[in-house]
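Just need the whole structure built from these sequences, with the hints factored in.
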Amino acid sequence: MDEQPKIAIPSMIVGDAKRFRPGRGTFEKNGKIYSTRLGLISRQANFINIIPLSGVYDPIPGDTIIGVITEISPTNWLVDINAPYPAILHVNEVPWHVELGETSKYLKYADAILAKILLVDETKKILLTMKERGLHKLNGGQIIEIQPLKVPRVIGKKGTMISLIKKYTGCRIIVGQNGRIWIDGRTEGVEKATRAIRKIEAEAHTKGLTVRIEKLLKSRS
Amino acid sequence: MGMKKPEDVVLFKDNKRIDGRKPDEIRPIKIEAGVLYRADGSAYVEWGGNKILAAVYGPREALPKHIQDPRKAIVNARYNMAAFSVEDRKRPGPDRRSIEISKVISEALERVILTEQFPRAAIDVNIEVLDADAGTRCAGLTAAGVALADAGIPMRDIPVACAAGKVEGKVILDLCKEEDNYGEADMPVAIAPLTDEILLLQMDGHLTYDEFEKALDLAIKGCHIVSDMQKKALLKKYEEVLEVE
Amino acid sequence: MSSSVVPSIRKDFIYKLISEGKRIDGRAFDEYRPIKIETGLIRKAEGSARVKIGNTQVLVGIKMDVGEPYPDSPDMGVLTTSAELIPLASPDFEAGPPGKEAIELARVVDRGIRESEIIHLDKLCIEPNEKVWIVFIDIHVLDQDGNLFDASLLASLAALYTSTVPAERFELGENFKLPLSQDPPISCTSIKLNNAIVIDPVLDEEEIAEARLTVATDKNGDIRAMQKGLSGSFTIEEVKNIIKASIINGKKLREVLYKSIRGK
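First to last, the protein sequences are chains A, B and C.
Quick note, the first sequence lines up with residues 1 to 221 if you use our numbering.
Quick note, the second sequence lines up with residues 1001 to 1245 if you use our numbering.
Quick note, the third sequence lines up with residues 2001 to 2264 if you use our numbering.
Please keep in mind that the hints were generated in silico from the structure rather than gathered at the bench.
Note that the structure is predicted; figures quoted are calculated from it, not measured.
A hint or two may mislead.
[Claimed, not checked] Ranges of calculated distance between the beta carbons of each label pair, as one might list FRET restraints:
no., chain 1, residue 1, chain 2, residue 2, range
1, B, E1239, A, R220, 32 to 38 Å
2, A, I51, C, N2055, 23 to 29 Å
3, C, G2263, B, E1116, 53 to 59 Å
4, C, D2092, A, H97, 35 to 41 Å
5, C, N2055, A, A17, 22 to 28 Å
6, A, N92, C, K2244, 57 to 63 Å
7, C, D2183, B, D1024, 42 to 48 Å
8, B, D1024, C, K2011, 17 to 23 Å
9, C, K2228, B, D1008, 55 to 61 Å
10, C, D2092, A, L164, 47 to 53 Å
11, B, D1008, C, E2127, 25 to 31 Å
12, C, G2040, A, K215, 52 to 58 Å
[As the list claims (entries may be wrong)] Distance condition first, Cα-Cα at most 20 Å in a straight line; then the derived SDA-like pairs of lysine to any residue:
no., chain 1, residue 1, chain 2, residue 2
13, A, K108, A, K157
14, A, K29, B, R1156
15, C, K2022, A, E188
16, A, K6, B, M1229
17, B, K1214, B, D1180
18, B, K1072, A, D121
19, B, K1232, A, I13
20, A, K207, B, E1240
21, C, K2100, B, R1156
[Stated by the list, open to error] Here are some of the chain B residues that sit facing chain A, going by a computed Cβ distance under 10 Å:
no., residue
22, A1033
23, D1157
24, L1194
25, K1231
The beta-carbon is built from N, C-alpha and C at its ideal position, and this holds for glycine as well.
The following block contains the structure:
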């Protein structure tokens, strides 16, 4: 693996504007590129980006997320998606035909759903949809929350990490881009998967993580 | 400021201050990032005898809805002193002084946080003084800067603060309790260290223009020293995150 | 981690674990999280202590002042306890005057200490009818991850046992150690979840608990204070079992407290 990634903090110089362009989490000033976030410096093509080490979930259209119903009205549901803003799910965006005033028949307060971000406008109003294939209400299992920024590590390159966990725990696992993860299976499997995911969250940016996770998954308990 | 000094209190002797420091010396400081479990970001600062905890929650939905700003996040700093943090117990709850300090700190932080990235949201910064020893607002703002970075709030710079003042005619850096009580001027300053922009400036007492220039220069130098410590604290915390076993 | 609605799935999962004899963090039903007690942290306070139970953190400061006694106890010192659930400690705590939770917390801790008479208030009289010492216990919750009652009482006790009466500051003679008896009341908090009783609830468990019972006992196993919370109910049998378990756990926690104040 490459050299140890470098940590950037807000106002730190992370590159020269003559050779690179300012990417995510940076700004340019007087020929230098500065970080605005606490994160890892990463170079992609000739862009310098900061991979944040902490922060909230930033919803992007197309993201698959796990939401929790917080309010019900006759024509929509208000959904907590672990972002700074609640999201709206309209009756037009669900796979069922919902009669006026019957919204709670389909989704109740504290129900969990697998949905997609349909739209985010400039005032950060967020609309969801459940109309695509594979989106549904979640039943049973357990939902845990990790820092949204660690999601890519839990999934792994081409899904390798999450497949490893599924294999050794026998669980069904769905990872939401918003840091919520649904795990279903025998109790021991769910507990082990939870431990593995928490370990990945804590050690996301260290070397040799895959080996250690495999060791945890193979161990007896 | 302006208390009558008892005979036995000597503020200056052989160019040494009452606590042995030189005029341009800061008190010992310790900064730690990420010290709380629930908060999105946090920091703990010991500065002289001050012990201050800062925690950040957000960005999160600003409520009630009518206070939301459709263009940017609202920054709510809340400075509070614990009842047991001062010699004469303080009645819990905000007093006028705490409210004023909360306001000037909120305004200072707003200038460096990229609030346009979070319209309609609120960024809540809580500064809790657990043990007070003069200069609490500077130590509090300094802790808040670290807590904001720890929380992943995007900022142009990490804000930092330090006070300068005047005691027995001499301009000094980082007043201690006795200097604050019996001195002639106290001037807390907060800056954005990349550009030396002034984010917070208050003054209480009596300074000539020349004395003011000297004090400001000293305060800014002090801010830079503390800024290095903030950065070291953040790097230390996160370097641990990268190492394991 | 910010606050959010607890998904019913999580509540159902915790209940399922309970029915299998397990808890969300792997502890036994009658097991406490690791407890850490530190004293003497706040110089400005007459006494102070910070208690960590797992991730829960509570800081207590003791301050003293001179004031008038209560009319019905003219030669006794005065004890007053208050608690603040400061917004720093949880995304759900709001700034403002103490709400119901903070007031209940303060009053329960106060009762435990007052009813066990561990502070010798009779030794805190300066001039009968005129001047007595007032002891302020200020509970400052710093990090909320469940079981604030036990953490707050332990911190209050550790702070009291390491407190000094600041007579010199008031020109009333030499400073002296706060006069206390050696039998502190120790509280033990249990909750009911899916018809099972578990001790020292973590926040995930507290959020979905049906009922809560805090029992403070002394070293003889006698009961000094009790408080039931939340809107579910206990059977008589459950209450009796909780009290018996609290007596046993009280003894263990008392040892932890003694270790932390030894030699101070």
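Okay, the hints, checked on the actual structure:
no. : hint                          : verdict
1   : E1239/B - R220/A: 32 to 38 Å  : holds (33 Å)
2   : I51/A - N2055/C: 23 to 29 Å   : holds (27 Å)
3   : G2263/C - E1116/B: 53 to 59 Å : holds (56 Å)
4   : D2092/C - H97/A: 35 to 41 Å   : holds (37 Å)
5   : N2055/C - A17/A: 22 to 28 Å   : violated (43 Å)
6   : N92/A - K2244/C: 57 to 63 Å   : holds (58 Å)
7   : D2183/C - D1024/B: 42 to 48 Å : violated (54 Å)
8   : D1024/B - K2011/C: 17 to 23 Å : violated (59 Å)
9   : K2228/C - D1008/B: 55 to 61 Å : holds (57 Å)
10  : D2092/C - L164/A: 47 to 53 Å  : violated (36 Å)
11  : D1008/B - E2127/C: 25 to 31 Å : holds (29 Å)
12  : G2040/C - K215/A: 52 to 58 Å  : violated (43 Å)
13  : K108/A - K157/A               : violated (36 Å)
14  : K29/A - R1156/B               : holds (11 Å)
15  : K2022/C - E188/A              : holds (10 Å)
16  : K6/A - M1229/B                : holds (18 Å)
17  : K1214/B - D1180/B             : holds (18 Å)
18  : K1072/B - D121/A              : holds (14 Å)
19  : K1232/B - I13/A               : holds (15 Å)
20  : K207/A - E1240/B              : holds (13 Å)
21  : K2100/C - R1156/B             : violated (41 Å)
22  : A1033                         : holds (9 Å)
23  : D1157                         : holds (4 Å)
24  : L1194                         : holds (5 Å)
25  : K1231                         : holds (6 Å)
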